[in-house]
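Chemist: Chain residues, written in single-letter form:
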Amino acid sequence: MSRIGVFVCHCGENISSTVDVEKVAQTAAGFDGVAYSVDYKYMCSDPGQSLIKQAIKDHNLTGVVVSACSPRMHEPTFRKACAEAGLNGYMCEMTNLREHCSWVHERTEETTEKAIDLVRMLVEKVKNDKPLEPIKVPIFKTALVIGGGIAGIQTSLDIANCGHKVILVEKEPSIGGHMSQLSETFPTLDCSQCILTPRMVEVAQHPNITLYTYSELESLEGYIGNFKAKIRKKAKSVDHSVCTGCGDCWTKCPSKKIPSEFNAGLDNRTAIYVPFPQAVPNKPVIDKDHCTYYQKGKCRLCEKNCKPGAIHFDLEDEIIEVEVGGIVVTTGFDVKGTDFFPEYGYGKYKDVITGLQFERLASASGPTLGEIKRPSDGKVPEKIVFIACAGSRDPAKGIDYCSKICCMYTAKHAMLYQHKVHTGKSYVFYMDIRAGGKNYEEFVRRAIEEDKVNYVRGRVSTVYEKNGKLIVKGADTLMNGQPVEIEADMVVLATAGVANCGSEELAQKLHVSYDRYKFFAEAHPKLKPVETNTAGIFLAGACQAPKDIPETVGMASGAAAKVAALFSQDELKREPLIAVVNRQMPPTFSSCVGCFLCETACPYRAIEREEIKDRAGNVIKTIAKVNDGLCQGCGTCVAFCRTKSIDIQGFTNEQMYSEVMALLND
Amino acid sequence: MTLGFYPGCSLTGSSREYAESVVALCEELGIELKQIPDWNCCGATAAHNMDKELSLSLPARILALAEKDGMTEIVVPCAACYSRLSTTQYELNQDETLKAKVASIIGMPYKGSVKILNVIQMLQKYAVDKLADKIKKPFDKEVACYYGCLLVRPHEVLQFDRVEDPQTMDVLMAQVGAKPIDWAFKTECCGAGFSVSQPDIVGKLSGKIVKDAVDRGAKAIIVACPMCHSNLDMRRPAIDSYLKTKVDIPVLYVTQVIGLALGINREKLGLPRHFVPVTFA
Amino acid sequence: MSEFEPKIVAFVCNWCTYAGADLTGTSRIKYATNVKIVRFPCTGRIDFMLLLKAFGEGADGIIISGCHPNDCHYTSGNFHARRRWVMFRGLMNFMGIDTRRVQFSWVSAAEGAKWAEIVNTTVDEVRELGPYTDYKKVADYLETEVTNG
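Chains A, B and C are the protein sequences, given in the same order. Mapping to the numbering used here: the first sequence position 558 is 562, numbers consecutive. Mapping to the numbering used here: the second sequence position 27 is 82, numbers consecutive. Mapping to the numbering used here: the third sequence position 133 is 1075, numbers consecutive.
One chain only, chain A, in its complex shape (with noise of 0.2 Å):
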C-alpha cells in the first residue's frame, strides 16, 4: 500500500497568488493512498527541503510529490533531499504549479482545479515508480585520437600529459596535416613548420602516445567508456623496424612523376616516399598504386638498394582491434581544387592555383625554394590576383558557408609576395575582409597601408589567357560597378575549404551527426562545441567547420579536457531511465517474441541480441537485450513494441496510464 507525501510549494506568491495552495494540500490529502499533505512557502529551500526528509522519515513515507516548479528546474534537488531521508531518489516526482498553471493562468476556481488535477496525475503516477539506481559503466582509460594534423597533435598531446594513453591515428605517411603545408602564419608570420615540427616529434616521442601513421579507422563498436575499435594499418610495404630512413630508395625509384600531395601537385614525388623532409615517422612508405613492380611485376629497385634490407613487397594490410574509452574526431578539412571554377578556367591554366599551392610556392621548404614562381615557366610574376571567397558563401556553387580562413590567408599571401617581389603588384578581389580576431584587422590594414596591396571590393566574372597573361575581368563595386581588367601573371584562388573526402564514411562509422555540407555537427552550437551526439565522442579543428589554427588548437585542448574529464572517473554514473526488456520465469523467460523492431527504432543502435540457453547450452529464445551503456532512453522502442515487452524507465507504459486515467478521472 502506497503511503504518499504531497508537499505543495507557493514559491513565495508566485504560485500561491493564482492557486489556492491550501485547498490544493487539503484535497490532496483526500486522495487515495496520499499519507501526508502539506503546504509551504519555499520548498526548495533548506527549511522546505528538511520538511520533506522529516515527513519521509515521520509517515513512513513510499513516494513523494513535490508540487512547485519545473522538474527541469528542480527535480534534482528534490530526489537528492528524497534520497538524503532514505527514500529512493527516483520515488519523487515533481508537479509543475508554476510553470505549466500558476504563472500561464488568472487566479480562478479552474486554475486550482487544474493545480490539483496536476497533482493527482503525479501521485498515480508515484504508485507506480520504482525504485533505481544509477547504471555504472567502467571506463577504459585510453583515447582514441582520429587525424593527425594540429588539432589531433594538440589533443593527444594534452591527454597524453593528463598521465592517458593515447593513440593517435593518422592516415597520411605522416603527421603534420595541413599546417605543415603552410608557409607562414597569420597574423604573426611566424613560420608554420618552425612551431609545429617539435609537436610532431613530441607526439612521435611520448611515452604515452601509439602512433599509427598510414592507417584508419575499420570500424566501431561500443558506448562511452568503452569502445572498440578496429584499425587498418596500411602495408607500408617498409619495415620501419629496420628502415634508417637513409633515403637510397627514393633516390634510386624511377617513378618520378606522381604528383606530390604534400606540394598541392606543383612537384612530383616517388613511389616509394617520404611525404616531406620533416615527416613524422621520417621513414618511407610504398605507394602501390604508383610502384613500378606492383603495377607491371617488374622493378624492386628499392629493394636492391635498401642495405638493412627493409623492403618487403609481400607485407599486407594489418588490423589490429584496441579498446578505448573516448574518442577524439579531428580528421580535418580540404580545399576545393581551381578545376571547380569553370569561371576561371576548370583548372586547365596552370598559372591560375589555390591558396594551397600558394603556400607551398611561398614556403621556404617548397618546390621552389620560397621564391614566387609561376607554374608554367617559372617566372616571377609582376603582377598577381588573388580572388577570395573561390567557392565560399556562393549558394550557386553549393557552399553557402563563409570559409573564415581565407580573408586572412589572402592577406598574408598578398604581403608574403610583396615581401618577396618588391616590384611587383598585387590585388585582392573580395566580398567583406572578414578579420575578427586578435590582431587580425591590424593585420589586414598592414597588407594594405604598408604593403600596398591593392584591395578591390568586387567578384570577379572570369579569368581567360591572352598572349601568356591571365586576364581578370571583375568589377569594383566601390567605383559605381566600374568593370575591372587586370592583365595578370598569375591568380591566387582562395577557394572553399570543404569537409574531408570519407568523412560521411566516417561520420557513419563512428556514428555521429553531420551537417549537409558534410562536416561534423557538434552536439549544441553553443553549450556544447566540442560533443557529438554520441556520447564519448568529441570533435576538434576543421572537421566540424573550417577554422583557423589558434581557434583549432583551443578546440583540441577543450576535447581533450573533456576526455580528461571522462577519464578522471573510475566508472561513469547515468541517469537509470533507460530501456529495459521484461524478463519472466521459465518457460517464457521474457514476452519479448524477439521481433527485433525495436532495434530498426533505435537511434543509438543499444538493442542487442541475448540468447537464453538452457543447461545443455542449446538456444531456447532469442530477445533483445538493451546495452545501458549506449541508450539514451528516449523511447522510441517502447511505442514500437508489439508485445509490450520493452519500457523506459521512469516513463513506463504503467506509470504514463495511469498518468492518463488519473487527469480525466477526477
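I should point out that these hints are in silico values taken from the structure, not numbers from a laboratory. Beta carbons: idealized from backbone N, C-alpha and C, even for Gly.
Calculated pairs, SDA-like style, for lysine to any residue (alpha carbon to alpha carbon, straight line, at most 25 Å):
hint, chain 1, residue 1, chain 2, residue 2
1, A, Lys532, C, Ser1018
2, A, Lys477, B, Cys244
3, A, Lys473, B, Gln222
4, B, Lys266, A, Asn471
5, B, Lys274, A, Gly472
6, A, Lys387, A, Gly341
7, A, Lys629, A, Arg613
8, A, Lys261, A, Gly382
9, A, Lys470, B, Leu298
10, A, Lys352, B, Val226
11, A, Lys424, A, Leu193
12, B, Lys189, B, Val333
13, B, Lys234, A, Gly472
14, B, Lys180, B, Gly167
15, A, Lys532, A, Met77
16, A, Lys169, A, Asn230
17, B, Lys234, A, Asn471
18, A, Lys352, B, Arg208
19, B, Lys259, A, Gly485
20, B, Lys191, B, Leu88
21, C, Lys1056, A, Thr112
22, B, Lys185, B, Thr57
23, B, Lys234, A, Pro346
24, A, Lys354, A, Glu469
25, A, Lys530, A, Met77
26, A, Lys45, A, Asn64
27, A, Lys424, A, Gly382
28, A, Lys387, B, Asp270
29, B, Lys89, B, Arg71
30, A, Lys522, C, Pro1011
31, A, Lys140, C, His1015
32, A, Lys513, C, Ser1018
33, A, Lys27, C, Arg970
34, B, Lys191, B, Val226
35, C, Lys995, A, Met665
36, B, Lys259, A, Gly472
37, C, Lys1056, A, Asp121
Which chain A residues face chain C? A few, computed with CB under 8 Å, are given here:
hint, residue
38, His109
39, Thr115
40, Leu122
Model the placement of chains B and C on the given structure of chain A, informed by the hints.
Modeler: Same frame as chain A, but now just chains B and C:
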C-alpha cells in the same frame, strides 16, 4: 520525321537568313518543320522587365498551342525565344498555383510537356550521325564558336552544355570539317540589350569578342542566336571604330556552315543577306 | 459554467515542448486552463494507444508536440512520431473520430508564445466541435458489458 517549329520575330525579320538556313538544312536532313499555328511574340526582353505574369503567359500560350496541335518537341532557333520558353516551362513546373493561374490567363489548357530544343540540340539529337555521310565539301577553316549568353544560361533551367566553356557547337563544327579554336569569349556579352539604345557599348563589347576571335586565328565566327549575329555582323562600323581597325571576319549561323558543307547553295542559306560578305563560299 | 469546457491532454516531449511551455510560464503568457501536460522523454516514446486511452477516459481533444524536425534531442524520435501520426490519422478517419480533435505540432524550447497560441486555438477548435463521448461510450461498453459480462 516532323518537329514543331517556333520561328519568333527575329527569324521573320532581321534574321531571315537564319530561318532560311534552318529550313534548308532540315529539308536536306529529312526533318519536316511544322510551324506552331497562330504563334505569338515570346515577350523577350520587354515583358519580363515589366510584368512577371505577362512574361510567363506569352510563352505559355505558344507552348499550349504546340500541345494543342499534338507536338511533343519544338525547335526554337532564336536564343532569346529559347530562353523565354524554357524559363516559362521551368517556372510553371515548379509552381502549380502559378501554372493554373497562367492557364486561366491564356484561356487554354497548359501541361508543360513539350520538349523545347534549340538548333544545336536538334542537330545533336537528329543529325549528328547523318552528317558524315552527307558532307560534300568539308568546311575546312578555323572557326570561333560563339554561344552568347542565353543559349547555355541559366544552367538549372536549360540543363544544356557547360556554362563557362560550352562544347556542343564546337563538336558539331568539327563534324563538318571545321577546326574550332580555343578562345576566351564564347559566352561573353555581345551587348544585345543595348543594341538600340546605346550602340557604342555594343561596339565595345562585340569588338572585344571579334578581336579575340581574330587574334586567335579564327576565319569565321559561328553563332546560333539572331542577336549575336546582328551585333557581330551589322554593328561592324561601331566595332571597327572601337578597335580602330577594319576587321572583315564573317559571322555565320551554325546552320549555314553545316549547309555549306552539305553542298546547299549560298542563296538558299541566305548568305548574301549578311553585312560582312562571306567571301569563301 | 454556461459554456462547454473541453478536457484536453497534451503529450509533449521533455526537451522541446515541455521546455517551451516552461518558457510560456516564465514569459507570463496566459492561456486556457483546459490543457494539462503529460511529460514524455520524447514524442518517439508516445504509444498512440495512449491517445485512444485518453479518448476512452473522456478526453475531448489531444495535443502532441515535440521538437521541430531535425532538432530532436534523440535525433529521430519526432520523425517516428510524425509517421505514427500519419498512420493514426487514417485509423481515426476509419473509426469516425474527427481528426481535428488531435493537434500535432512542433514547439521548440524557444517558442513559448507558440505554445500558448496552440493551446488556445486547440481549445477553441475543440470547444466548437463539442464534447466527445462516442469513443468513451464504446470503451465503457467494452469494459462493463464485454469484459464483465
